[in-house]
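There are 2 protein chains.
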Amino acid sequence: MPGSTGKPLEGLRVVECASFVAGPSGCMTLGQLGADIIRVDPIGGGPDYQRWPVSERTGKSLYWTALNKGKRSVAVDLRSPEGRGLVIALATASGRDNGIVVDNNAGRPWLSYEVLAERRTDVIQVHIQGYADGRPAVDYTVNPEVGVPHLTGPAGSGDPVNHVLPAWDLLAGMTAVTGLLAALHRRERSGQGAFLQLALHDVALAGVAGMGWLAEAEEQGDRSRHGNHLYGSFGVDFATGDGRRVMVVALTPRQWAALRTVTGTEKVFAALEDVLGVDLDEESERFRLRETIAAVLRPWFEARVLDEVTRELDAAHVLWSGYRTMGEVAAEIRAGGGSGVIGQVDQPGIGEVLTARSPLRRGEEYGPVATAPRLGEHTGEVLGEVLGLDGAELGGLVDRGVVAPF
Amino acid sequence: MPGSTGKPLEGLRVVECASFVAGPSGCMTLGQLGADIIRVDPIGGGPDYQRWPVSERTGKSLYWTALNKGKRSVAVDLRSPEGRGLVIALATASGRDNGIVVDNNAGRPWLSYEVLAERRTDVIQVHIQGYADGRPAVDYTVNPEVGVPHLTGPAGSGDPVNHVLPAWDLLAGMTAVTGLLAALHRRERSGQGAFLQLALHDVALAGVAGMGWLAEAEEQGDRSRHGNHLYGSFGVDFATGDGRRVMVVALTPRQWAALRTVTGTEKVFAALEDVLGVDLDEESERFRLRETIAAVLRPWFEARVLDEVTRELDAAHVLWSGYRTMGEVAAEIRAGGGSGVIGQVDQPGIGEVLTARSPLRRGEEYGPVATAPRLGEHTGEVLGEVLGLDGAELGGLVDRGVVAPF
Numbered sequence: 001m002p003g004s005t006g007k008p009l010e011g012l013r014v015v016e017c018a019s020f021v022a023g024p025s026g027c028m029t030l031g032q033l034g035a036d037i038i039r040v041d042p043i044g045g046g047p048d049y050q051r052w053p054v055s056e057r058t059g060k061s062l063y064w065t066a067l068n069k070g071k072r073s074v075a076v077d078l079r080s081p082e083g084r085g086l087v088i089a090l091a092t093a094s095g096r097d098n099g100i101v102v103d104n105n106a107g108r109p110w111l112s113y114e115v116l117a118e119r120r121t122d123v124i125q126v127h128i129q130g131y132a133d134g135r136p137a138v139d140y141t142v143n144p145e146v147g148v149p150h151l152t153g154p155a156g157s158g159d160p161v162n163h164v165l166p167a168w169d170l171l172a173g174m175t176a177v178t179g180l181l182a183a184l185h186r187r188e189r190s191g192q193g194a195f196l197q198l199a200l201h202d203v204a205l206a207g208v209a210g211m212g213w214l215a216e217a218e219e220q221g222d223r224s225r226h227g228n229h230l231y232g233s234f235g236v237d238f239a240t241g242d243g244r245r246v247m248v249v250a251l252t253p254r255q256w257a258a259l260r261t262v263t264g265t266e267k268v269f270a271a272l273e274d275v276l277g278v279d280l281d282e283e284s285e286r287f288r289l290r291e292t293i294a295a296v297l298r299p300w301f302e303a304r305v306l307d308e309v310t311r312e313l314d315a316a317h318v319l320w321s322g323y324r325t326m327g328e329v330a331a332e333i334r335a336g337g338g339s340g341v342i343g344q345v346d347q348p349g350i351g352e353v354l355t356a357r358s359p360l361r362r363g364e365e366y367g368p369v370a371t372a373p374r375l376g377e378h379t380g381e382v383l384g385e386v387l388g389l390d391g392a393e394l395g396g397l398v399d400r401g402v403v404a405p406f
Numbered sequence: 001m002p003g004s005t006g007k008p009l010e011g012l013r014v015v016e017c018a019s020f021v022a023g024p025s026g027c028m029t030l031g032q033l034g035a036d037i038i039r040v041d042p043i044g045g046g047p048d049y050q051r052w053p054v055s056e057r058t059g060k061s062l063y064w065t066a067l068n069k070g071k072r073s074v075a076v077d078l079r080s081p082e083g084r085g086l087v088i089a090l091a092t093a094s095g096r097d098n099g100i101v102v103d104n105n106a107g108r109p110w111l112s113y114e115v116l117a118e119r120r121t122d123v124i125q126v127h128i129q130g131y132a133d134g135r136p137a138v139d140y141t142v143n144p145e146v147g148v149p150h151l152t153g154p155a156g157s158g159d160p161v162n163h164v165l166p167a168w169d170l171l172a173g174m175t176a177v178t179g180l181l182a183a184l185h186r187r188e189r190s191g192q193g194a195f196l197q198l199a200l201h202d203v204a205l206a207g208v209a210g211m212g213w214l215a216e217a218e219e220q221g222d223r224s225r226h227g228n229h230l231y232g233s234f235g236v237d238f239a240t241g242d243g244r245r246v247m248v249v250a251l252t253p254r255q256w257a258a259l260r261t262v263t264g265t266e267k268v269f270a271a272l273e274d275v276l277g278v279d280l281d282e283e284s285e286r287f288r289l290r291e292t293i294a295a296v297l298r299p300w301f302e303a304r305v306l307d308e309v310t311r312e313l314d315a316a317h318v319l320w321s322g323y324r325t326m327g328e329v330a331a332e333i334r335a336g337g338g339s340g341v342i343g344q345v346d347q348p349g350i351g352e353v354l355t356a357r358s359p360l361r362r363g364e365e366y367g368p369v370a371t372a373p374r375l376g377e378h379t380g381e382v383l384g385e386v387l388g389l390d391g392a393e394l395g396g397l398v399d400r401g402v403v404a405p406f
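Those protein sequences? They're chains V and H, same order as listed. According to UniProt numbering, the first sequence is numbered sequentially starting from 1. According to UniProt numbering, the second sequence is numbered sequentially starting from 1.
Errors might be hidden in some of the hints.
[Said to hold, decoys possible] In silico DMTMM-like links for lysine to aspartate or glutamate, alpha-carbon gap of 25 Å or less:
(1) Lys60(V) with Asp279(H)
(2) Lys7(V) with Glu188(H)
(3) Lys60(V) with Glu188(H)
(4) Lys7(V) with Glu114(H)
(5) Lys60(V) with Glu218(H)
(6) Lys60(V) with Asp281(H)
(7) Lys60(H) with Asp133(V)
(8) Lys7(H) with Glu285(V)
These are calculated hints, taken from the structure and not from any lab test.
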């Protein structure tokens, strides 16, 4: 096919009426897999348009531009019936590769599945919610509700620790597009559309239940928090002689053997096993004796600078990593020590920034980098291409304030 | 179709040769969407078979059973050429719905794409890795490397805080199956197979870059950690008069207005805006003055017990939630206050446990609950059904120790 990128979703068109992390990150992934993502925003931008972090250079949101890379942007007056009609027409345009929409709008009955399916019976809509009953929720409210902050942070401390990473949001986005592609598979075979709903709170509950944590709490009561120790096996952080910090993990017997060997502690642990009557090859025993194990190992790390620790642990095939601040991660990538998943772009409105490719590689090959659109940049192009509007019609829409000037 | 479940991936067969969280959780989601997931393990189980949490009642892993619900289990001697041959045959079986494999095996050249594609040119393989260069990594080592623990935890504290939730693992699993379904879409249309690789470290790097955090750190240096405050707008936890804790968020002007109104603090904040010359309708100003705002609001929460706080915040449509321990989450669900996403099953080997359905609903409808298989439970059934082995052949495999007795 001339001009084909060979990407698996090439040709597919997805209308995204969503904001913040979940919908935008999921749809961005579909875009990286080749789909044409049309992000629809209200004129002036959605509630996430100024979300932090923002660039000090220009005031533009680094968050919004990072989450909307490679998309086309359409800006419409979503309060006007005519603007709403345009969105419905985009979402239900005819053609095998159209008729797919992702939204996270609470209280927008005009964009309901009933409305869309009336226009196109095989439409696929994935509706992302806070709670399944339609009440709003965000990652920061959902996470405390499912018990994770009470498990996080220093042992013995009473106060729960919120996570900073909006993990449930990211997971919800990817779950949403997994459901979308499954529904598309069915539509390709049977012609049937689908209305899928996904609540962030359900993603989080299913997430903690999905690792057995809910069943554990019901059977055994609340697990005590254990600081930076990994749960149920051995893994914890150590300070090095030069004030750096490393995370060291011995999940499997082989990793545990490697750690003992490189630190020269085999005899110490053999004697400990003898005197305590335990077998530290059992991961549960390593967890139970985690503080003891860490105390035996600590002097080895304190006696070495990070460079030495790196050399020796790597040579011994220990499973470990070094802690970095975000600034150090960026600096390391700039110095060439990063990963091919990070590249750079000249982001219009901001300037040169580090940016991510899709982590999904075809063989060894990463996909290209991309920039985010200017808000409303593609309004005319998309309405012309998908709905067949001509210049006069587009001009009328701008004049009536139905779409932003583009 | 008689007997059809109507699930979108019905008929699809995926061979899973993976352990721990990423591959198993991603494939479980495909199973919940209707696919037949065949999990292949070594005889005796993979490295995750005893992973914590484990049931005190029976010693069985609550983690393994939660991550492998609804799958069929095949147990094979993966060191023997004959056992490896069986896995290759399962992964490359003919038929439109076969020829899909997910693995996370480092150093298993016998299960390489080259080997598989030689047997079936349109095979789809998704290979999950630690690092893109093949070195091992786990969530607990990757997260410190990408800078998140340095952003997490109490403001001013020097020590990084590891997250407890293996967020990158969960996200990698769902990213892997998103890639898988995209490749399947292409195969259905073009007949082409695919070899996709996904490194956990890349998922994490792309994750932090994907919210603009990497670009921010490069431009502005390291952000200081800010405890339980939400970044870039207003959101923080408050203690209630009865010693409970709530998370309160005012991301948007409307949420901020609701919070001021219900707490009766409009005049205080108006006066503060006057004297400080700021506009707290700007989220960046709410973040800058977060400690001041929290200090003004705190007495309102301290003067009320959780029941009152709940009633008043809900009536005012404030965005908030209550902190719970995992045990409280479980108890609340048992008391009927949970979500339809959680159900219960009688898990063979363990007994009655709380378990999750898929958070993806068709309309309002959740899918069914499911139990995990016994290790190797379906070895005979699967090898008979997919490879056409008869009883004598299966008996021979058992006798030769190639598969576990089933």
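Open item on the list: Are any of the numbered hints broken by this structure? If so, which, sorted upward?
Closed with: 3, 7 and 8
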